[in-house]
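Trainee: Taken in order, these protein sequences are the chains called A and B. For the first sequence, the numbering used here assigns the number 1 to the initial residue and increments by one for each residue that follows. For the second sequence, the numbering used here assigns the number 1 to the initial residue and increments by one for each residue that follows.
No lab work stands behind these hints, which were simulated from the structure alone. Hints should not be assumed to be uniformly reliable.
Claimed, not checked - Here are some, though not all, of the chain A residues that point toward chain B, as calculated from beta-carbon distances under 7 Å:
#, residue
1, Q42
2, T44
3, A47
4, P72
5, F86
6, R154
7, L155
8, F291
9, A323
10, H327
11, A331
12, G334
13, L335
Stated by the list, open to error - Computed footprint of chain A on chain B; a stretch qualifies when at least three of its residues, placed anywhere within it, have a C-beta under 8 Å from a C-beta of chain A:
#, segment
14, 313-322
15, 343-353
Said to hold, decoys possible - Mimicking SDA-like on lysine to any residue, the simulated pairs with C-alpha atoms at most 25 Å apart in a straight line are:
#, chain 1, residue 1, chain 2, residue 2
16, B, K297, A, R79
17, B, K188, B, R79
18, A, K126, A, R79
19, B, K126, A, A331
20, B, K188, B, R6
21, B, K46, B, T73
22, B, K46, A, R79
23, A, K46, B, L80
Beta carbons: idealized from backbone N, C-alpha and C, even for Gly.
2 protein chains.
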Amino acid sequence: MSDTNRKFSFKLIATDGNARRGEITTPHGVVRTPAFMPVGTQATVKAMYPEQVRQTGADVVLGNTYHLMLRPTAERVDRLGGLHTFMNWPHTILTDSGGFQVMSLAQLRKLDEAGVRFQSHIDGQKYHLTPERSVEIQGLLGSDIQMQLDECIRLPSAREEVRRAMELSLRWAERSRRKFEDMGGPGKGQGLYGIVQGGDQPDMRVESAEGLSKLPFEGYSVGGLAVGEPQHVMLEMLDVTVPVLPTDKPRYLMGVGTPDDLLESVKRGIDQFDCVMPTRAGRHGLAYTRFGKVNLKNARHQEDPRPLDEESACQASSGYSRAYLHHLVRAGEGLAGMLLTWNNINYYQQLMQGMRDAIEESRFEEFYARTKEDWARGDIAAL
Amino acid sequence: MSDTNRKFSFKLIATDGNARRGEITTPHGVVRTPAFMPVGTQATVKAMYPEQVRQTGADVVLGNTYHLMLRPTAERVDRLGGLHTFMNWPHTILTDSGGFQVMSLAQLRKLDEAGVRFQSHIDGQKYHLTPERSVEIQGLLGSDIQMQLDECIRLPSAREEVRRAMELSLRWAERSRRKFEDMGGPGKGQGLYGIVQGGDQPDMRVESAEGLSKLPFEGYSVGGLAVGEPQHVMLEMLDVTVPVLPTDKPRYLMGVGTPDDLLESVKRGIDQFDCVMPTRAGRHGLAYTRFGKVNLKNARHQEDPRPLDEESACQASSGYSRAYLHHLVRAGEGLAGMLLTWNNINYYQQLMQGMRDAIEESRFEEFYARTKEDWARGDIAAL
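Generate coordinates for the entire structure from the input sequences, incorporating the hints supplied.
Mentor: What follows is the structure, encoded as structure tokens:
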């Protein structure tokens, strides 16, 4: 499916206020934006077959560099024909840099100018992840959309700490770009995104975005958000950051979020998202629907013959009673996670499709208002 | 899909030696025999969507009365429209009596002439399972093929113990039959099977089968085997039991078994099987293939680009590399169990289809020999 004549490009199809409808082309296909990218941490979107993920409308999935570099290793994936072949996903793949999970999962981390040394959480083996090594790993995986290594700090943090991490990330951005070009990434049609940092400090967000905009990245990510701050802080950071970013490049808000986060961020001009929420929640008995969240663990579902959403085209949403889903969750059956993950990824993709259609038809504000009303009305309305 | 005009019946289509090709008709469809029935313990065949189970060629699945009576309870399943509706399986369902799992899972069991008292392994709640209550529960579930309550003992056991349990099971058979008729089971087109006991004692097996044959059961099960005895003992018991059973009724060997057990037992005239082996093994990294078992945990698969069986029409068998399956198993990913269970159930159904075709075409001996050769040749031949 890979077409090396197909280079990374971004086309803006329509705008409606700050919301944008676009298309990213990569060697493995076209990504309709705004896009939600299901997370396939260990080369699998948990509890779903890849064909199912595709059928929900996903054009791209995310792979986690940290997990894949430890197991099965980037070199092995490369020998086996690359990540697309390995995980049976012939469409676009985006990878992160590994940095975020080094900071959250690895042991004995030591970060300096060169990069970050750490020990694997699996077997204690030692690694040294540098901006160059991260790009090298993502190249071995064959990722279509790659991320620079950055330092993502927790919020709140002191201003000096935010500045230090933001400036380090900018220097790492330059090194990442150089390595990406040395490895022939642009020639292979791949893209590398720079990552805006700056915590909850508007001036530093602007400084970071301006600095990155001078480098010829194929896209720009907004990192370091959804790390514990309230939603209004995240949205304020988008309000100051997005206007500084080039309009002709895609904008990716990393690790976000709830359906409401997606709606608010698209309204502010974000084009791409990833989040473990729909998959993780699905494995914990929580369903996302047009009418809000449904906690299937709750005893009130135990004799409810209604499906999650009888109007949905997704079998997981319309083909099983809440009573049955409740039973599966209570009994700890794997089918619960399979069905709820499927329902959730499908709902997220439906929400994105709704937003894409609305932007194209210049009715995003109406879609935004109606969607919020439906959520507020609650799931009883699904009758 | 239920058709109350369709009553339980059994038709013998062909025989080849002692092997039989037949069809069981129930209110929910036709079961082609010899049949392997995937186990859906808690109203789900673990890690598979019901549509997938059907697509592998399964005409019938098994539900476990013990599990279902505890959670969600037979009464709740009944209020929700019966087990077929509840678990989205509109085809034939067979249920066991609950007795086997009471003896293996429940706490503080006390068995006497009336039945068995026990406490739930989930919450300690007290239950009294009698032959009558078991039939009542299976009726509430809406099971097409029901089993009498019996006492299944471990092997080896002393002769007196084998006799006591066998005679008790015979008395329970009569009580079960009476209750089944009182509940109108035959009028609903359902079937109730008697269960042959007698441990590893040929004379008692014959006595049990003769006793049961006097009762108008719709089919006959062979129970109390595959409980720790060597395969040759199990096959010897079939050799003495099967000739005593009516030829115009289906014969079901309970809880069996490996692919080789199925082949050997069909050769001896068995028509139905159930076993957790293909599903449980799949969740533990073990694949069954035409060329024998493949343990995907083994490091020798880590860079093997071959699928489990490239000639298979099943996506799980032909669409994923062994290297990827190995990775999923090592990483503890749910997709490993999903793919290997699917592969295994598909292989079991393919094996049954192969046997059915061979019997119809009077070439069972040839099929038997070739299948054993393929297993012996080993999985390397799958190249």
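Trainee: Look at each hint and say if it fits the structure.
Mentor: Cross-check of the supplied hints:
{"no.": "1", "hint": "Q42", "result": "holds (5 Å)"}
{"no.": "2", "hint": "T44", "result": "holds (5 Å)"}
{"no.": "3", "hint": "A47", "result": "holds (5 Å)"}
{"no.": "4", "hint": "P72", "result": "holds (5 Å)"}
{"no.": "5", "hint": "F86", "result": "holds (6 Å)"}
{"no.": "6", "hint": "R154", "result": "violated (27 Å)"}
{"no.": "7", "hint": "L155", "result": "violated (31 Å)"}
{"no.": "8", "hint": "F291", "result": "violated (22 Å)"}
{"no.": "9", "hint": "A323", "result": "holds (5 Å)"}
{"no.": "10", "hint": "H327", "result": "holds (5 Å)"}
{"no.": "11", "hint": "A331", "result": "holds (5 Å)"}
{"no.": "12", "hint": "G334", "result": "holds (5 Å)"}
{"no.": "13", "hint": "L335", "result": "holds (5 Å)"}
{"no.": "14", "hint": "313-322", "result": "holds (count 4)"}
{"no.": "15", "hint": "343-353", "result": "violated (count 0)"}
{"no.": "16", "hint": "B:K297 with A:R79", "result": "holds (20 Å)"}
{"no.": "17", "hint": "B:K188 with B:R79", "result": "holds (18 Å)"}
{"no.": "18", "hint": "A:K126 with A:R79", "result": "holds (22 Å)"}
{"no.": "19", "hint": "B:K126 with A:A331", "result": "holds (19 Å)"}
{"no.": "20", "hint": "B:K188 with B:R6", "result": "holds (9 Å)"}
{"no.": "21", "hint": "B:K46 with B:T73", "result": "holds (19 Å)"}
{"no.": "22", "hint": "B:K46 with A:R79", "result": "violated (33 Å)"}
{"no.": "23", "hint": "A:K46 with B:L80", "result": "violated (30 Å)"}
Violated hints for the displayed structure, listed by number in ascending order: 6, 7, 8, 15, 22, 23.
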